[in-house]
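In case you want the letters, here they are:
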Amino acid sequence: MARLVVMGGGVSGHTAATFAKKWLGNEHEVVVVTPNSQWNWIPSNIWVGVGEMKKEDVVFPLAPVYEKAGIDYRQAKAVSLHPSGSEKNEKAFITIEYTGQGKEGQTEEVTYDYLINATGPKLNFGATPGLDQGYTVSVCTADHAVHANEELQKVFEKAKTQKQKILIGTGHGMCTCQGAAFEYIFNIEHEAKKAGIRDNLDIKWISNESFLGDFGMGGMHLNVGGYTASSKIFAESLYSERKLEWVIGAHVNKVEAGKAHYELLDGTAGAEEFDFAMLIPPFAGVGLKAFSKNGDDITADIFAPNGFMKVDANYNAGAYENWKASDWPRTLQNPTYQNIFAVGIAFAPPHPISKPMSSPNGTQIFPTPPRTGMPSAMMGKAVAHSIVDMIHGAPQPTHTACMSEMGAACVASAGKGFFTGTAAAMTVYPVVPDFEKYPGVGRDISMTTGEIGLAGHWIKHLLHFAFLWKAKLKPGWTLIPE
Amino acid sequence: MATKHMEHIQPYSPQAGTMIPTKFRKFLRTCVLWQFIRFIAINIKMTLLILKSHH
Ligand SMILES: Cc1cc2nc3c(=O)[nH]c(=O)nc-3n(C[C@H](O)[C@H](O)[C@H](O)COP(=O)(O)OP(=O)(O)OC[C@H]3O[C@@H](n4cnc5c(N)ncnc54)[C@H](O)[C@@H]3O)c2cc1C
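In order, the protein sequences belong to chains A and B.
Residue 403 in this note's numbering sits at position 403 of the first sequence, and the numbers go up by one each step.
Basically this note's numbering = 1-based index in the second sequence + 1000.
These aren't lab readings, by the way, just hints derived from the structure by calculation.
This structure is a prediction, so every number in the text was calculated from the model and none was measured.
Ideal placement from N, C-alpha and C gives every residue a C-beta, glycine not left out.
There could be a bad hint or two in this list.
What the hints assert, rightly or not - To list a few chain B residues with every Cβ distance to chain A over 10 Å, as calculated:
{"no.": "1", "residue": "THR1003"}
{"no.": "2", "residue": "LYS1004"}
{"no.": "3", "residue": "PRO1011"}
Said to hold, decoys possible - Straight line, CA to CA, 30 Å or less: simulated DSBU-like cross-link-like pairs of lysine-lysine:
{"no.": "4", "chain 1": "B", "residue 1": "LYS1004", "chain 2": "A", "residue 2": "LYS232"}
{"no.": "5", "chain 1": "B", "residue 1": "LYS1026", "chain 2": "A", "residue 2": "LYS160"}
{"no.": "6", "chain 1": "B", "residue 1": "LYS1052", "chain 2": "A", "residue 2": "LYS204"}
{"no.": "7", "chain 1": "A", "residue 1": "LYS165", "chain 2": "B", "residue 2": "LYS1023"}
{"no.": "8", "chain 1": "B", "residue 1": "LYS1052", "chain 2": "A", "residue 2": "LYS232"}
{"no.": "9", "chain 1": "A", "residue 1": "LYS243", "chain 2": "B", "residue 2": "LYS1026"}
{"no.": "10", "chain 1": "A", "residue 1": "LYS232", "chain 2": "B", "residue 2": "LYS1026"}
Kindly generate the complete structure, drawing on both the sequences and the hints.
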């Protein structure tokens, strides 16, 4: 009997664990180690953050789902990896520290034959002084979104009688996840209009993108009206139409009560005042450590300096001009330990997707690469497939999920409402541009599309129900694509 | 053509350098009949993308 241990029960880890268990049956064990007791459909946190959904609408308890599936669930966080075992334990294992199940604080060694790291991001609020002081809010977790809505409603209340300033965007020069902030700013604007207070709100965008619509993917080109046009044009159009001002190329370097200080790509400094601000923190790896058999720290062998796990990527590509689509990992297997894989946000990308830029002062200001839901889940499924085949005797991974060979569908909400809602429905192929295959724009422009409208909103709302259904392993769950 | 929906745009501001949707284009965005057609079209596009992405 082989044992697969999955660290992290989020989008990619849950997908990997549930498919692996389905394919392996009861002959082999699947263990999920994750500190959360509930699964969260993170994209709908945006609607929690504006009071259009409740926390209960976007989460469900994991224990009954894993029990039904026959998955061994440990509500704990992984702390360290021991890929060659230790002097006392012959087998490879991880150490975990319980966060629930009545064993809070207890530690344990969990042995494995195969290990998937799907631990997602550490929300690194500490990277910007003041970002962790409660002056701003976040929508990255369901609880953060509940709090964000509470604060937003206070500002909406004040806006009935006086002007209020809202600032939305990224809280550091090296952030990713601009898409979430994009959705939040447009949803706030939509709710403000509905509440009849739009005229009393100044709503401003601030981000580390060098142009609006970069989204950490170097933007994208769309075919519209006989032209192939940059997402910059469409993003600027939408911000203008909805009366949103923007500050771009900004590294927020300090947050105080009601004020965010920043440095721009041209080296100048500025500050924005706010009554309400939602600034996404930068992401890092969750800080797992790794040790050799005799206890030496081998973290740097397995993890990149940012804490993400090294996989089969080309980490020596160098400058932007040398980047190739083939730098991106395909099997997501760790090069040193062939029974360890990393999926979703947890793997170390070879380099950004957007062109790196810095101010004359040397401050790096550019988006780091996003790993959105669809690619994350596809990686989880592909790696689960490979591991199942390896357990059954395959000498190496049999499936790939490469961000420069796969597309992504992304639906960004711009306001909720069955007849009044809108969302930007985008498809992009491939996620990472391949300038050798698609010279000029890097993407297949017949598969890279985008439009805003009510249809996008309907799709976004349907996906909310579909993905919760799938994650709960309800009948037909395998038919719903990642 | 009336330009009331553009009254917030100041000449020479960053907003003035962008495309501004016409009233008709904005109407189409929430026109249920048109959006129903777009709903089907987008779903087809996304399905093709998913098929192309799975290895
Ligand atoms: C507000 C918001 C809106 C978004 N909207 C969209 C969208 O509309 N479309 C889209 O495609 N993507 C969206 N995304 C991105 C999407 O949520 C991510 O791509 C996806 O969640 C990444 O999956 P993951 O499994 O890598 O990480 P996660 O889903 O974050 O899962 C990581 C898991 O690991 C657990 N973990 C953490 N530390 C440890 C540890 N030490 N040991 C074990 N487990 C650990 C965490 O508790 C969590 O359960 C959005 C993100 C945000 C924040």
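Which earlier hints can't be squared with this structure? 6
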